[in-house]
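S.K.: Sequence:
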Amino acid sequence: MQNKMAKQYKLSAERLQQMQEEMNYLKTVREKEVAELIKEARSFGDLSENSEYDEAKNEQGKLYSRIAQLEEILSNYVVIDEQAEGDYVRLGCTVVVLDKEFDEETTYKIVGSQEADPMSGMISEDSPFGKALLGKNAGDDVVVDAPGGAVEYKIVSVSK
Numbered sequence: 001m002q003n004k005m006a007k008q009y010k011l012s013a014e015r016l017q018q019m020q021e022e023m024n025y026l027k028t029v030r031e032k033e034v035a036e037l038i039k040e041a042r043s044f045g046d047l048s049e050n051s052e053y054d055e056a057k058n059e060q061g062k063l064y065s066r067i068a069q070l071e072e073i074l075s076n077y078v079v080i081d082e083q084a085e086g087d088y089v090r091l092g093c094t095v096v097v098l099d100k101e102f103d104e105e106t107t108y109k110i111v112g113s114q115e116a117d118p119m120s121g122m123i124s125e126d127s128p129f130g131k132a133l134l135g136k137n138a139g140d141d142v143v144v145d146a147p148g149g150a151v152e153y154k155i156v157s158v159s160k
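One point on numbering: in our numbering, the residue at position 48 of the sequence shown is 48, and numbering is uninterrupted.
Some hints could be false.
What the hints assert, rightly or not - Each pair of labels, with its calculated beta carbon distance range:
1) Lys32 x Ala150: 14 to 24 Å
2) Thr94 x Gln18: 15 to 25 Å
3) Pro118 x Gly45: 18 to 28 Å
4) Glu105 x Lys32: 42 to 52 Å
5) Asn76 x Met119: 23 to 33 Å
6) Glu55 x Lys154: 18 to 28 Å
As the list claims (entries may be wrong) - In silico DSS-like cross-links for lysine-lysine, where the CA-CA straight-line distance does not exceed 27 Å:
7) Lys10 x Lys32
8) Lys154 x Lys136
9) Lys136 x Lys10
10) Lys100 x Lys160
11) Lys10 x Lys27
12) Lys7 x Lys62
13) Lys32 x Lys62
14) Lys160 x Lys10
Rather than coming from a laboratory, the hints here were simulated on the basis of the structure. Cβ coordinates follow ideal geometry from the N, Cα and C atoms, glycine included.
Produce the complete structure using the sequences and hints provided.
M.R.: Laid out in structure tokens, this is it:
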């Protein structure tokens, strides 16, 4: 029998708090709201042609799905230590890189996969770009295997 380890989700203390607050809201306020919708829809009679009932049950399904997703994350998380010493790239750091081909500087924050939002400059440590940067220092050259071919960057600065 294989021992399958649960995936660990890396979260900043701030993101952990947001998720705990969302879970609390969903399990208290939102669950009662959805239960009310279902109760109200049931009162309209015939459930086979009751679109309000179908809608309310659909909403309940989405609610339970999100709660399950949050429970999975909140039972397997590690809080990122953003105060660790050293000037190398790690979770929680802000990194300024220079795209050598286009001579453009861009700033990214290295985050856990649950917080990743590349359009906002939040790069997952699990992404090819994030993996290439991890452990490197300011002044280092980094090559990232991108879909369009290898892209070369120089790390300009690393900060907390």
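S.K.: Hint by hint, note whether the structure agrees.
M.R.: Structure-based check of all given hints:
1. Lys32 x Ala150: 14 to 24 Å: Violated, since Lys32 and Ala150 (Cβ atoms, about 54 Å apart) do not stay within the stated range.
2. Thr94 x Gln18: 15 to 25 Å: About 20 Å separates the Cβ atoms of Thr94 and Gln18, which means 15 to 25 Å holds.
3. Pro118 x Gly45: 18 to 28 Å: Check failed, 49 Å falls outside 18 to 28 Å.
4. Glu105 x Lys32: 42 to 52 Å: 50 Å, holds
5. Asn76 x Met119: 23 to 33 Å: Holds, at about 27 Å.
6. Glu55 x Lys154: 18 to 28 Å: 54 Å, violated
7. Lys10 x Lys32: The hint is violated at about 31 Å.
8. Lys154 x Lys136: 10 Å, holds
9. Lys136 x Lys10: 20 Å, holds
10. Lys100 x Lys160: Holds: Lys100 and Lys160 sit about 24 Å apart, inside 27 Å.
11. Lys10 x Lys27: 23 Å, holds
12. Lys7 x Lys62: Since the Cα atoms of Lys7 and Lys62 sit roughly 23 Å apart, the hinted pair holds (cutoff 27 Å).
13. Lys32 x Lys62: Holds - the C-alpha atoms of Lys62 and Lys32 are around 14 Å apart, at most 27 Å.
14. Lys160 x Lys10: Within the cut-off at roughly 17 Å; holds.
In summary, the structure is inconsistent with hints 1, 3, 6, 7 from the numbered list given earlier, while agreeing with the others.
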